[in-house]
Amino acid sequence: MDLTALTECLSSASCMVTQVTSGFIIGMLLFLVAVGLTLIFGVVKIVNFSHGVFYMIGAYVAMTVYQATNSYAAALLGGALGACGVGIIVERFIMRRIYSANVLMQLLVCYALVLIFDDLVKVVWGPEFKAMGMPEAFRVPPLFIFGGVVPPFYLFLIAAALVIAVGLALAINGTRFGKTVRAAAHNPTMVSALGINTGLLFTAVFGLGCLLAGLAGGLAAPVRSLTPGMGFSILIESFIVTVIGGMGSITGALVGALLIGLVRTFGALGFPLFTEALMYMAMAIILIVKPTGLFGREGT
Amino acid sequence: MSRKKLSAISRRSFLKAGAAVAGTVSMPWVASAQAKTIKIGFPTILSGRVAQLGNSSRNSAMMEVEKINAAGGLAGRPIELIARDTKGQPQEAARVARELINTDGCELLIDAEASTGAFAVHEVARDLGILCMHTNSETSSLSADPKLRLPNAFRCARQGVHDSVIGGIYAAEIANAKNLTRWATCSPDYAYGRDTTAEFVGYLKRFAPKVEIITEVWPKIFQPDYTEAITKLIQAKPQALYSCLWGGDLTSFIDQASIYALFSQMQFYAVNMADYTALTAVKNLPPGIHSGNRYIKTFPATPANATWGDAYRAKYGEYPTNWSWQNALCLNFLSEAAKKANSTDGKKLAEVLRGLKINSPFGADGTVTMRAEDQTIVGYAIGWGTTIPKEPYVPEMKTSPWAKVFELEAEWKKQKGYA
Amino acid sequence: MNTSLRKDFAFALAGFLALALLPALTSSTALLDFVIRCAALGLFATSLNLLVGYGGMVSFGHGLFFGLGAYSFGIIMQRLGMPIPLAILVTVIFSGLVALVVGAICVRLTEIYFAFVTLAFQMLVHSLIIALSQFTGGDQGLRGGIPRPTFFGINLADHSQLYLFCAGLLVIGLLLMRHIVSSPFGYTLRMVRDNAKRAGFLGINVYRTRLTAFVLAGMFASLGGVVMSLFVSGAYPEFAFWTMSGEAVFIVMLGGTAAFLGPLVGTVVLLLLNDYVTRIAEHHGLVLGLVILFVALGLRKGLLDYVMDWRAARRIRAEEAHPVSALKGD
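From first to last, the protein sequence lines are chains P, C and X.
Residue numbers are given in numbering that gives the first Met the number 0: position 158 of the first sequence equals residue 157, and the series is strictly consecutive.
Residue numbers are given in numbering that gives the first Met the number 0: position 91 of the second sequence equals residue 90, and the series is strictly consecutive.
Residue numbers are given in numbering that gives the first Met the number 0: position 129 of the third sequence equals residue 128, and the series is strictly consecutive.
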């Protein structure tokens with residue numbers, strides 16, 4: 000334990016800026032993966048254990064597009080659409096069949112998907128780790144804000160994730176699609192009785208979740224190494240986020256993700272050896288005190 | 000590599016009898032060609048995050064097997080290498096190793112497993128008494144700890160403590176010259192990372208007494224994000240940073256640290272940087288990273304080494320890894336030992352292997368020795384130098400004589416209670 | 000002794016004799032190894048099914064007890080040198096105590112929340128195993144081999160005796176679990192699974208029933224861990240990682256949750272698949288994944304459940320066709 004380092008940092012503006020932004024960076028990428036998970040769970044009622052696959056696909060496609068076009072915007076678009084496309088195919092041909100099955104059967108199918116896609120990535124892109132490299136525009140020295148260090152790429156990353164979070168919240172609360180989604184999350188039979196095509200709705204939500212995961216993959220690609228099975232490590236953390244925030248809640252995913260990000264960065268200062276354990280403890284405590292998570296609805 | 004399964008039944012029945020007679024006597028009812036072949040089991044990791052370990056190990060092993068077979072085989076018997084995936088799980092490694100011996104009739108084992116898997120295979124070797132060559136585990140205790148030692152298990156791989164002695168001397172020289180006293184470390188939080196870092200720091204301080212470690216960060220192995228580690232390092236403002244992160248972890252650390260301009264604020268000593276996969280994966284390699292050699296075809300700067308590296312590249316379309324040379328060297332040792340013993344019997348091979356010195360492109364002086372006392376290789380080339388982002392990547396390698404390594408290693412063994 | 004228990008006992012005895020005769024028929028060590036691994040994972044998966052199939056509690060953290068069993072047994076043998084049966088007993092009781100503490104917290108929750116909280120505890124224990132390296136060997140696992148002193152003339156260093164011992168543990172473990180699920184407690188547990196509220200109205204202490212099941216499952220899982228540590232002669236942190244729990248869930252689903260022997264069937268099938276596919280295919284994940292998809296989407300239930308349902312359906316058809324003869328046969 001190193002509590003002096005922690006208190007020193009809490010009283011220094013430069014350290015706070017650095018730590019808080021880095022907490023946001025970790026949190027924002029987690030949020031993009033977790034929000035898809037939570038959306039899918041809320042509407043489709045599937046615990047998508049294969050969500051990490053779409054993050055991986057997004058990252059790999061983004062890298063390939065970037066190498067071909069040298070445009071990061073195109074890479075992000077490609078990653079998101081690629082993951083979304085694969086997601087829709089998976090939903091149409093596989094997930095669709097297990098909506099009524101129990102959670103274990105869903106787990107089994109997701110496990111199979113993880114095995115299949117990890118191997119497919121290995122076949123297509125090779126077994127060795129890859130790196131995409133930083134896009135030209137962001138190869139600039141970091142900014143100094145109140146003495147804290149903030150890389151411009153991370154500012155972009157946080158901004159992009161925030162825009163998505165806000166856009167998503169507006170879409171869910173303001174549009175017809177959003178209303179249907181919320182209604183479906185609340186009572187799917189009623190929605191289908193009203194003549195809304197729930198099959199199409201489920202496909203759309205699943206595709207949206209995968210699109211966000213793919214986008215997260217594309218955003219992470221410049222700074223993380225790409226390997227088959229890279230979705231595995233982000234998956235468990237995303238689950239912790241959704242459980243803490245409340246399964247099915249978008250606000251919960253955002254708060255949970257930021258919480259985990261901050262726990263990681265400040266935990267690394269104060270309890271360097273127990274950062275990992277801190278996350279699991281946070282999850283266990285929240286589950287015991289409020290099983291539905293911070294923002295979860297009771298009885299869904 | 001795919002094996003034909005048509006002989007599955009005959010192989011099993013052959014094995015049943017073969018196991019009973021220790022595999023050296025050929026059975027009259029088995030086709031002579033089959034009995035003549037010597038099978039070598041090759042448990043390794045071919046899937047998941049470190050699949051490249053298994054792939055590049057198998058590639059180089061196959062390359063050497065072809066050479067040996069073309070030259071008449073192992074004491075006259077052609078080698079059939081049977082590589083199988085252990086998925087990096089120790090219980091799978093144990094299972095696969097046992098199956099390779101018991102079912103497939105392998106008479107020798109090349110254990111190309113990493114970390115925990117190597118210890119699991121080590122226990123199988125203890126159980127079944129088969130000759131086992133560890134080719135990828137760099138954890139020092141595997142061969143240094145007398146409690147773990149087996150007469151039938153050898154290590155043909157570099158070792159953390161050797162790297163650290165040479166690295167410590169190299170870094171201390173620069174630290175003394177440039178007055179770098181404030182150091183930090185950032186290494187993966189597991190046995191290899193902790194031991195190697197402690198050893199490096201120990202030797203650095205010994206040769207540069209003014210050095211102090213002002214902060215340490217220990218990210219988890221395979222951690223996707225190092226932001227918290229990087230910011231902690233930046234807060235501490237050290238003059239130099241040591242890391243034994245490796246593979247994809249090292250490259251993501253570099254990518255993430257680059258955008259914080261970390262490398263313009265401190266010197267970076269990364270023992271595992273000078274490996275072609277890592278060097279080519281990082282798109283914007285910051286100049287001037289100090290690194291130990293993993294595998295570089297220009298070090299040692301001999302024609303034999305360059306030829307070997309180029310041959311591998313010509314065959315597989317990429318440069319070899321550190322794991323590649325270790326596995327190639329292992330087959331060279333086996334081939335040489337079989338020649339000397341004029342036999343493929345595990346016990347006789349082990350007898351000859353102890354203390355065997357062979358010519359090798361990977362030796363510091365053109366030879367590598369299998370040290371008798373702890374059955375591990377010594378005399379392989381270790382060097383440190385600064386990297387540049389294009390070939391030859393490390394233009395100049397500095398090294399220290401092995402005599403120095405032996406002296407400090409002996410001290411370290413005493414300290415650890417190994418000797 | 001009632002008839003069903005006697006039948007189970009006879010069945011178990013026959014099973015053990017069949018396993019005991021196996022070495023006489025074949026000299027393949029690999030086959031015996033296969034049975035030992037089946038014993039380890041079979042006990043582990045069947046114990047999980049006490050929770051999943053009979054209790055309706057989907058645990059994602061059951062590997063905690065598998066790893067705990069392997070580590071406790073290994074550490075006891077390496078440090079204290081107890082006789083093996085005593086060490087196994089201590090291990091199982093210790094795991095039961097840990098299960099009591101963890102279960103007391105976890106079984107209040109249900110469904111996916113129960114799953115996640117068990118996962119959280121498992122990962123905590125996994126981090127502990129790695130952190131307490133002076134006892135556990137940290138991430139490198141328990142090294143140096145587990146000593147196997149002779150007891151009652153049984154020498155587990157001898158492979159065929161180890162085989163018989165593990166086969167014996169499997170059969171005894173399964174018999175005990177079978178006894179548990181067909182006891183009144185087993186029926187109470189099913190009632191709690193089907194409708195906890197109604198069970199509560201009937202005066203059943205739902206919490207205590209669930210907790211008892213959790214403790215029992217933990218104890219049998221640790222027995223599986225003991226067998227695995229005997230097989231690999233060590234213990235590794237992977238045993239307590241969440242992938243281990245995932246594998247058990249997967250086995251249970253593959254074999255079936257309704258039939259008692261479903262998890263054992265699942266174990267045999269998964270290990271066969273795994274061993275065979277890794278031998279012949281470079282991209283074994285792809286092959287294995289497709290097979291699983293087929294089971295999940297094609298059969299929509301575990302293998303043994305599928306067979307049982309199919310047989311039941313056939314019997315019903317037969318009864319409909321020949322109502323009189325069916326009556327006679329009863």
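To be clear, the hints were calculated from the coordinates, so they are not data collected in a lab.
Remember, it's a predicted structure, so these values are computed and weren't measured experimentally.
Just so it is clear, CB atoms sit at the ideal spot from N, CA and C, and this is done for glycine as well.
Check each hint, because a few of them may be wrong.
Label-pair distances were calculated between CB atoms; the ranges are [as the list claims (entries may be wrong)]:
| no. | chain 1 | residue 1 | chain 2 | residue 2 | range |
| --- | --- | --- | --- | --- | --- |
| 1 | P | Pro-151 | C | Lys-236 | 56 to 64 Å |
| 2 | C | Gly-416 | X | Glu-110 | 28 to 36 Å |
| 3 | P | Tyr-98 | X | Leu-127 | 52 to 60 Å |
| 4 | P | Asn-101 | X | Pro-84 | 33 to 41 Å |
| 5 | P | Thr-250 | X | Pro-84 | 41 to 49 Å |
Here are the simulated lysine to aspartate or glutamate pairs, EDC-like style, with alpha carbons at most 16 Å apart [what the hints assert, rightly or not]:
| no. | chain 1 | residue 1 | chain 2 | residue 2 |
| --- | --- | --- | --- | --- |
| 6 | C | Lys-282 | C | Glu-395 |
| 7 | C | Lys-415 | C | Asp-144 |
| 8 | C | Lys-346 | C | Asp-364 |
| 9 | C | Lys-177 | C | Asp-144 |
| 10 | C | Lys-236 | P | Glu-135 |
| 11 | C | Lys-397 | C | Glu-372 |
| 12 | C | Lys-86 | X | Glu-110 |
| 13 | P | Lys-44 | X | Glu-281 |
| 14 | C | Lys-397 | C | Glu-211 |
| 15 | P | Lys-289 | X | Asp-274 |
| 16 | X | Lys-196 | X | Glu-281 |
| 17 | C | Lys-338 | C | Glu-350 |
| 18 | C | Lys-86 | X | Glu-281 |
| 19 | C | Lys-146 | C | Glu-172 |
| 20 | C | Lys-35 | C | Glu-79 |
| 21 | C | Lys-282 | P | Glu-7 |
| 22 | C | Lys-413 | C | Glu-172 |
| 23 | C | Lys-177 | C | Asp-188 |
Examples of chain P residues toward chain C, derived with CB under 10 Å [claimed, not checked]:
| no. | residue |
| --- | --- |
| 24 | Ala-12 |
| 25 | Phe-92 |
| 26 | Ala-281 |
Status of each hint after checking the structure:
no.: 1; hint: Pro-151(P) to Lys-236(C): 56 to 64 Å; in the structure: violated, 22 Å
no.: 2; hint: Gly-416(C) to Glu-110(X): 28 to 36 Å; in the structure: violated, 52 Å
no.: 3; hint: Tyr-98(P) to Leu-127(X): 52 to 60 Å; in the structure: violated, 38 Å
no.: 4; hint: Asn-101(P) to Pro-84(X): 33 to 41 Å; in the structure: holds, 39 Å
no.: 5; hint: Thr-250(P) to Pro-84(X): 41 to 49 Å; in the structure: violated, 56 Å
no.: 6; hint: Lys-282(C) to Glu-395(C); in the structure: violated, 22 Å
no.: 7; hint: Lys-415(C) to Asp-144(C); in the structure: holds, 9 Å
no.: 8; hint: Lys-346(C) to Asp-364(C); in the structure: violated, 29 Å
no.: 9; hint: Lys-177(C) to Asp-144(C); in the structure: violated, 37 Å
no.: 10; hint: Lys-236(C) to Glu-135(P); in the structure: violated, 27 Å
no.: 11; hint: Lys-397(C) to Glu-372(C); in the structure: violated, 28 Å
no.: 12; hint: Lys-86(C) to Glu-110(X); in the structure: violated, 31 Å
no.: 13; hint: Lys-44(P) to Glu-281(X); in the structure: violated, 35 Å
no.: 14; hint: Lys-397(C) to Glu-211(C); in the structure: violated, 24 Å
no.: 15; hint: Lys-289(P) to Asp-274(X); in the structure: violated, 43 Å
no.: 16; hint: Lys-196(X) to Glu-281(X); in the structure: violated, 51 Å
no.: 17; hint: Lys-338(C) to Glu-350(C); in the structure: holds, 13 Å
no.: 18; hint: Lys-86(C) to Glu-281(X); in the structure: holds, 12 Å
no.: 19; hint: Lys-146(C) to Glu-172(C); in the structure: violated, 36 Å
no.: 20; hint: Lys-35(C) to Glu-79(C); in the structure: holds, 10 Å
no.: 21; hint: Lys-282(C) to Glu-7(P); in the structure: violated, 36 Å
no.: 22; hint: Lys-413(C) to Glu-172(C); in the structure: violated, 26 Å
no.: 23; hint: Lys-177(C) to Asp-188(C); in the structure: violated, 30 Å
no.: 24; hint: Ala-12; in the structure: violated, 12 Å
no.: 25; hint: Phe-92; in the structure: violated, 25 Å
no.: 26; hint: Ala-281; in the structure: violated, 16 Å
Comparing the model with each earlier hint shows violations of hints 1, 2, 3, 5, 6, 8, 9, 10, 11, 12, 13, 14, 15, 16, 19, 21, 22, 23, 24, 25 and 26; every other hint is respected.
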